Amino acid sequence: MTKEKATSKKTEKVEAIVEKKVTKAVIMQGNEAVAKGALAAGCDFFAGYPITPSTEVAEILSNELPKIGGTFIQMEDEIASMCAIIGASLAGAKALTATSGPGFSLMQEAIGFAKITETPTVVVNVQRMGPSTGMPTSPGQGDIMQSRWGSHGDAPAIVLYPDSVKEAFQLTIRAFNLAEKYRSCVVLLMDEVLGHMREAVTLPDLSTVRVINRIKPTVPPQWYKHYDENQKYLSPIASFGEGYRFHVTGLTHDDHGFPTNKPNEAAKMMERLNKKIKHNIRDLVQIETEHMHEAKVAVFAAGIMGRASKEAVKMARAEGLKVGLLRPLTIWPFPDDAVTKMLKDVDAVVVPELNEGQLFHELERLVRERKDGSLHRLNRNDGTVITPAEILTKIKEVYNG
Amino acid sequence: MAKIPQRKIHDYLRHDKKFPHVWCAGCSNGIVLGAVIRAIDELKLNRDNIVMVSGIGCSSRMPVYVDFNTLHSLHGRAIAFATGVKMYKPGMKVIVITGDGDATAIGGNHFIHAARRNLDLTVVLLNNNIYGMTGGQYSPATPHGDKATTTPYGNIDPNFDICKLAIGAGASHVARTTAFHAIELQKQIKEALEHPGFSLVEAICACPVIYGRLNKKGDAPAMMRNMRDNSIPIKAAEKLPPEQVAGKILRGTFIKEVRAEYTDAYQKMMDQLSPKEGE
Ligand SMILES: Cc1ncc(C[n+]2csc(CCOP(=O)(O)OP(=O)(O)O)c2C)c(N)n1
Ligand code: SF4
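Going down the list, the protein sequences come from chains A and B.
For any residue, its number in my numbering is found by taking its place in the first sequence, counting from 1, and adding 9.
For any residue, its number in my numbering is found by taking its place in the second sequence, counting from 1, and adding 606.
If you're looking for bench data, these hints aren't it; they were derived computationally from the structure.
It is possible that part of the hints are untrue.
Stated by the list, open to error - Restraint-style ranges between C-beta atoms, simulated for each label pair:
| hint | chain 1 | residue 1 | chain 2 | residue 2 | range |
| --- | --- | --- | --- | --- | --- |
| 1 | B | 861 | A | 365 | 48 to 58 Å |
| 2 | A | 140 | B | 758 | 43 to 53 Å |
| 3 | A | 140 | B | 762 | 18 to 28 Å |
| 4 | B | 825 | A | 272 | 34 to 44 Å |
| 5 | A | 213 | B | 697 | 28 to 38 Å |
| 6 | A | 399 | B | 697 | 51 to 61 Å |
| 7 | A | 141 | B | 764 | 44 to 54 Å |
| 8 | A | 283 | B | 613 | 40 to 50 Å |
| 9 | B | 697 | A | 240 | 35 to 45 Å |
Computed from a prediction, not measured in an experiment: that's the story for all the values here.
Ideal Cβ positions, reconstructed from N, Cα and C, are used throughout, including at glycine.
Make a model of the complete structure from these sequences and hints.
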């Protein structure tokens with residue numbers, strides 16, 4: 010087979026592509042960092058459909074993938090793109106698609122398929138403002154809940170959310186690693202301004218990048234079960250063409266992958282989907298905190314609003330205010346423990362976001378006790394960002410009760 | 607009629623796991639499954655190397671019964687999933703099993719674009735003129751005037767000629783026959799499997815339980831007789847006056863051309879990009 014590529018040779022080529030930028034800082038766009046991160050993680054398949062503000066990811070990978078024996082294909086729509094990456098992943102690929110809100114909506118049914126069939130896939134959604142076509146070149150954080158609940162049927166989600174170009178690179182690698190390890194569809198949410206923002210980044214030496222590959226079966230084909238969970242609810246996965254001849258279906262299935270209507274088998278399947286997240290929450294959840302040990306007021310924000318909040322916290326502290334920051338890098342599963350602790354420790358929490366209050370709902374869910382800190386929303390949903398100065402004003406407003 | 611090697615078919619089935627099957631008595635789907643298996647057996651294809659991909663529908667239940675790499679995907683999306691498999695592992699034989707609704711309504715976009723790319727997929731489309739799985743609503747292949755549960759006053763939609771649609775979209779190998787002509791079907795599927803490029807075999811099928819009943823087409827044998835009596839080979843049709851051809855099912859291979867295949871084109875592009883050995 011011509012496409013069976015020598016892995017070592019490929020890594021060299023990827024290094025050559027990413028490496029030029031290793032030692033010194035380079036100016037790079039968020040979308041470019043996503044493409045580079047994907048290559049560093051071993052991505053060898055991309056299927057997508059052009060949409061602002063994510064298109065650069067496709068453009069860059071159309072240039073790079075054919076050079077390293079990878080596959081790039083522009084599909085007829087986003088539904089096809091999502092389906093194609095699932096097919097490729099089942100054949101063994103580390104597969105990616107990138108889109109924005111309208112395309113993300115179209116992908117939802119197939120995202121559910123990737124989840125129920127536990128097929129490693131990565132979806133980048135560079136969010137734009139508004140429902141429908143909205144404002145294609147303006148920021149919005151309206152897809153936070155969609156990335157959690159967008160596909161029907163109540164399956165858990167793994168969603169990462171970077172705040173800088175460098176972190177976009179890192180979290181793209183992590184998205185691939187988690188997809189492979191947890192056999193699921195991992196979503197990387199980006200903000201329009203991050204996708205298109207250029208900043209100086211120093212990328213790590215590729216040899217230091219930790220790349221996780223899916224666990225392969227070690228049993229002979231007649232013993233293979235496509236869903237054979239270990240104590241951590243994770244299972245090995247064979248690829249098409251390796252002699253295992255397994256069945257994949259979006260119907261509820263038994264451990265072999267064959268459809269079933271039996272409630273006990275359906276329950277087992279759903280339990281695995283949920284438990285592999287719940288039992289590995291420490292591995293999945295990543296947060297960043299600043300000055301939380303001595304904070305009276307905290308700011309809770311993700312993505313680009315996390316970035317603005319960091320600046321606001323710095324400004325507040327320069328004025329002598331005891332303010333801290335909690336920024337989730339993993340938004341789903343939600344960092345319940347860290348948030349619960351924050352609510353206990355502080356008097357008030359400010360939640361700036363570019364939507365009508367989506368993360369805010371999650372904090373409300375976690376308020377348990379009277380003496381928990383009070384919650385204060387700060388929303389904007391008009392295609393512009395909330396500035397650090399505006400966040401500072403809000404902090405001051407709530408600071409003295 | 608040639609003797610059907612039953613034992614051979616049995617060898618290819620997941621008989622210990624997935625039977626009894628879901629299809630109604632008298633349904634043509636099993637005949638098509640038999641033809642697919644016999645064609646594969648004739649070509650001595652390595653089953654580890656075969657991926658059978660389907661969408662959703664009665665016809666799309668087929669992959670679960672056969673001992674290949676099998677992917678029962680989403681309604682309409684079989685070809686999109688298959689595109690991912692084929693593009694990543696071009697060495698694999700990728701067979702798509704789909705229904706008339708699956709391929710030409712919800713999946714119409716993927717169907718025409720895979721044909722346009724001339725991606726080497728073998729698409730076996732089971733056309734029973736109706737949505738079987740959901741209980742008999744009209745499809746883009748339901749003939750004008752026919753009854754379906756959603757056309758209680760008769761179908762006002764014109765229907766697709768699916769082979770013409772595929773040819774128009776750029777498919778390089780297009781054939782049609784009926785489930786009655788099981789041996790011809792086997793031959794067409796075999797040729798399609800051998801063809802390097804996008805190939806379509808449209809198998810006209812009987813759904814006696816729903817389409818047949820709604821349209822008073824009689825029982826399963828009557829519907830089979832109808833396929834025999836109301837179809838003519840393309841060659842024979844060419845010699846007949848148009849009025850004798852009207853309303854008949856044309857059987858045969860409409861187009862068979864070797865054109866640049868998509869995974870080959872991609873490989874060529876990659877070859878040009880990568881430095882030659884020893885450089
Ligand atoms: C997105 C989506 N829409 C609708 C359905 C319901 N549905 C299942 S099968 C089917 C029609 C199948 O008809 P066809 O493809 O002709 O196959 P047949 O059952 O006749 O073999 C429909 C509408 C679905 N499963 N998914
Ligand atoms: S409903 Fe029709 S197409 Fe479906 S299995 Fe029964 S006879 Fe076959």
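Query raised in the report: Okay, which hints does this one fail, numbers in order?
Result: 2, 3 and 7
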